[in-house]
Amino acid sequence: MNLVTNNKWIGQRTIRPDGMDKVTGRAQFAADTTMPGMIWGKVLRSPHPHARIRSIDTSKAEKLPGVKAVVTAKDIVDFPIEKGAVMLGIQDMRWMCRNVMARDKALFPGHPVAAVAATTEAIAAEACKLIEVDYEVLPWSIEIEDAIKPDAPILHEFNKFDGKPSNIAGRLEHKKGDIAEGFKKADVIIERTFTTRPVHQGYIEPHACLISVAPDGKTTIWSSSQGQFMVRAMTAYLTGIPQSDIRAIPAEIGGGFGGKTIVYLEPLATLLAKKSGRPVKMVMTREEVMRATGPTSGSKSTVKIGATKDGKITAAHGTFYLQAGAFPGSPIRGAAGCSFTPYDIPNLLSEGYDVCSNRSKVAAYRAPGAPIGAYAVECVMDEVAEALKMDPLDFRLKNAAKEGTKAAHGPTFPRIGYIETVEAAKNSDHYKAPLGKLQGRGVASGFWFNAGGESSAQVNITEDGNVVVTTGHPDIGGSRAGIANICAELLGIDYRRVSVIIGDTQTIGFSNLTGGSRVLFASSMVVTQSTEKIIQTLRERAAKIWEIDPEAVKWEQGAAHPVSPNAGQFEPLTLQELAEKAPAMGGPIGAGVQLNTTGADGGFGTHVCDVEVDVDLGIARVIRYTAVQDVGRAIHPGYVEGQLQGGVAQGIGWALNEEYIYTKEGKVDNPGFLDYRMPVCSDLPMLDCIMVEVPNPKHPQGVKGVGEVPLVPVMAAVANAIYNALGKRFYALPMSPPKVLEKLDEPTRQAAE
Amino acid sequence: MAKVHVTTTINGEPMEFLCEPSDTMLDALRGTLNLTGSKEGCASGDCGACSITLDDRLICSCLMLAVESEGHDIRTIEGMAQGEKLHPLQQKFLEMAALQCGICTSGMLVASDALLKKNPDPTEEEVRFWLAGNLCRCTGYDKIVRAVMETAAEMRAQ
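Chains as they are written, first to last, in our numbering: chain A, 526 to 1278; chain B, -2 to 155.
Hint data in this document are derived by calculation from the structure and do not stem from the laboratory. Backbone N, C-alpha and C fix where the C-beta goes; we use that ideal spot for every residue, glycine too. Don't take each hint at face value.
Stated by the list, open to error - As a list, the in silico BS3-like pairs of lysine-lysine whose alpha-carbon atoms are at most 27 Å apart:
| no. | chain 1 | residue 1 | chain 2 | residue 2 |
| --- | --- | --- | --- | --- |
| 1 | A | Lys608 | A | Lys533 |
| 2 | A | Lys588 | B | Lys0 |
| 3 | A | Lys1253 | A | Lys1192 |
| 4 | A | Lys1189 | A | Lys654 |
| 5 | A | Lys923 | A | Lys829 |
| 6 | A | Lys654 | B | Lys0 |
As the list claims (entries may be wrong) - Non-contacting residues of chain B with respect to chain A, defined by C-beta distances greater than 12 Å in every case (computed):
| no. | residue |
| --- | --- |
| 7 | Glu10 |
| 8 | Glu13 |
| 9 | Leu15 |
| 10 | Leu32 |
| 11 | Leu51 |
| 12 | Asp53 |
| 13 | Glu65 |
| 14 | Lys114 |
| 15 | Asp118 |
| 16 | Ala154 |
Claimed, not checked - FRET-style restraints, in silico, Cβ to Cβ:
| no. | chain 1 | residue 1 | chain 2 | residue 2 | range |
| --- | --- | --- | --- | --- | --- |
| 17 | B | Asp53 | A | Met545 | 18 to 28 Å |
| 18 | B | Glu10 | A | Lys1253 | 57 to 67 Å |
| 19 | A | Asp1200 | B | Gln79 | 33 to 43 Å |
Model the full structure from these sequences, guided by the hints.
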């Protein structure tokens, strides 16, 4: 590890490269772009939770003046079920081709059945109404309990579980030791069942794209996503256009949180543009976003933990049922794999069940699955600690995973910072502060895998001696700022001389999704290696000018210097001087590196939450919050804190208010921001952060992913705080005012006051 | 249906445009007038990403018809900086990392500016309730509230 010491830029709160555009309204998000001759696309969506599509008649819509193209499932490339999985990342194209446009069956209200492009949005919407779809309405199920009943309506007949058609699309388990033996050794055993509701990622920017297809098939896509290469590949698969003909340009992305790691509109707009010969723009309404994209799973979990009198966990068993929505693929890996990972548990069984039901297909949401699992595990941890009369943080410390612990999902941990997060929480002013009437304090921990994977970078020195860095990952939370800090540090120049650009698919090498908390980890590796190559070139050029050996030249503070007076007496050659001399000294200076990065260590956090309960209204308010996290190395502390604070705010929403509510007809009844209640500014206190820095030994700057861990502990921390305030445990989310009021009987009120 | 001719003032400039009677002010700004700094997050007045001022009053431009701007004074994010000089709120948002994805930032800045014009010395609670109509999903609001408070303090000191 070549950790840079005495940093000038790493660890500084520099101004982000894209900041000026965003505070002046200049930044171009997906819906902000237009093209000459552009027309508008609209989607016709199924009103039914479950229906066989007997026929679709688009003739009346096609005749409406202004309509330029209509597409249905027959225009989308089919990936037949029986031919087996065709995977792109975690997505199976057999499900994707049916999710972007219903093929034989519509599987949730909002499932696209046709799309229209017309000269105005109003005409396109009018044309959608003229499309006649003959549906055979089928029985449906949304909730997990309904979907796993023996007589439940089956979404996918081909899917078998225990040899019979089933909505259970998969099961995974992580196992260690023997739980039966482990529970025998326990003095205290607590088992509880929890439910959580589906919640949406809640990005403020609806999905949008603008797509042009030339008569030769050359396609240009402007869209907002968490990966322009994912957009290109999925669009190529679903339209049959080769990837080399598709230039996917990443617009600024107005929030994603995992929800923009798949496509919805791009294949439809591409086909409409191809058919009509006109650029097609499509923008979802908020209602479409809520009905037909994301959310994450609702869940039902049972967790059992046993411990000895002196506080040692002997065994744990978790069973996590997660809604996948219309197609297989709920995040059971995160639920089963992350929830027990902060602890060294000798006997463990963690099982996940993937359950299809008639609601929109889940999309990733910040540490997918892990917050659902951690909610159940961390609430039971609180109860076990209470039964043992132990401080809940001491109980965690006693069982904490550390270097050498073998996690049930596979890895043996290198040096990790989990214990440091618990100790920092325990030593915080917050944990020691007194509580008032009707107030309570809760704690919880969390883990997320983090990720490496493919990244590409190109670093070029401009003719005037400044720097342009191009990477291939949409910047969702400030990664450009981190990259500028690192590149400036390595080159020894002011960070304002480094411009950081996100390349499109045809100008930068393949780079995997912005997801898994991988972007700064992976892209700083390729940027570091590219910059090191450039520094080598600069040393060689200076050596040539000075007629000395390149090994006798060092790069410091933005200039080449002789390594010592013995090497010769020369005035330093600055980056500008070497850039000016470049044409005569071997040509342009630049370097690119492409890697499949490895070494992304998982991340741990421990949170402390205080609530105050209004016993008249049932409102639980978070009044103080501290998130502690091992962040590896905070390259830009402002945006690391921002990740922690943003994750906490989403978790508070999940804990206290957010939920999908369904009508008895199986439709989402709250598809807007008024009724789907995300935290607003007046709901929250300041969100304190303690960044513990245990550098990742496998990364040149010590970086660990930081974006997802901070959502994982939150719901349990809030639930444990409410228990501490009221003496009542809640086993279901959200703990919204009506649910809290329900439990507030007179004795509880009196005891709490 | 014939389009309607509207004469108005936008960011201090006299402006004329044609719109459908059903077009919202946000449609006109983002469409005909090509001022895409105001964003559409919900089209129902719940998210505040389209915040503008009408005769110095903070409104959601998605809840106002474009024809209603006739004869009025409209201000948007594009009018906040004076040439190369950023408004102190814009500068402070940059310095304090009070934005992540940036989609809510235009609305946050316009709303915060409207607050400080009315109340140059707001408490944290006043800032939080004033901005309760502007959703941000990235930041948890912490740095936004701090940036507004700090800007207010600096502006008062000047």
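Checked hints:
1. A:Lys608 / A:Lys533: violated, 56 Å
2. A:Lys588 / B:Lys0: This hinted pair holds, its Cα atoms lying about 25 Å apart.
3. A:Lys1253 / A:Lys1192: Outside the cut-off at roughly 32 Å; violated.
4. A:Lys1189 / A:Lys654: Answer holds: A:Lys1189 to A:Lys654 is near 24 Å, not above 27 Å.
5. A:Lys923 / A:Lys829: holds, 18 Å
6. A:Lys654 / B:Lys0: holds, 25 Å
7. Glu10: holds, 15 Å
8. Glu13: holds, 20 Å
9. Leu15: holds, 14 Å
10. Leu32: At about 7 Å from chain A, B:Leu32 fails to clear the 12 Å cut-off, so the statement is violated.
11. Leu51: holds, 17 Å
12. Asp53: holds, 19 Å
13. Glu65: Its Cβ never comes within 12 Å of chain A, the nearest being 20 Å, so this holds.
14. Lys114: holds, 18 Å
15. Asp118: holds, 18 Å
16. Ala154: Holds, because the least Cβ-Cβ distance between B:Ala154 and chain A comes to about 22 Å, which exceeds 12 Å.
17. B:Asp53 / A:Met545: 18 to 28 Å: Cβ of B:Asp53 to Cβ of A:Met545: about 26 Å, so the range 18 to 28 Å holds.
18. B:Glu10 / A:Lys1253: 57 to 67 Å: holds, 60 Å
19. A:Asp1200 / B:Gln79: 33 to 43 Å: For B:Gln79 against A:Asp1200, whose Cβ atoms are near 40 Å apart, the range 33 to 43 Å holds.
This entry does not satisfy hints 1, 3 and 10, going by the numbered hints stated previously.
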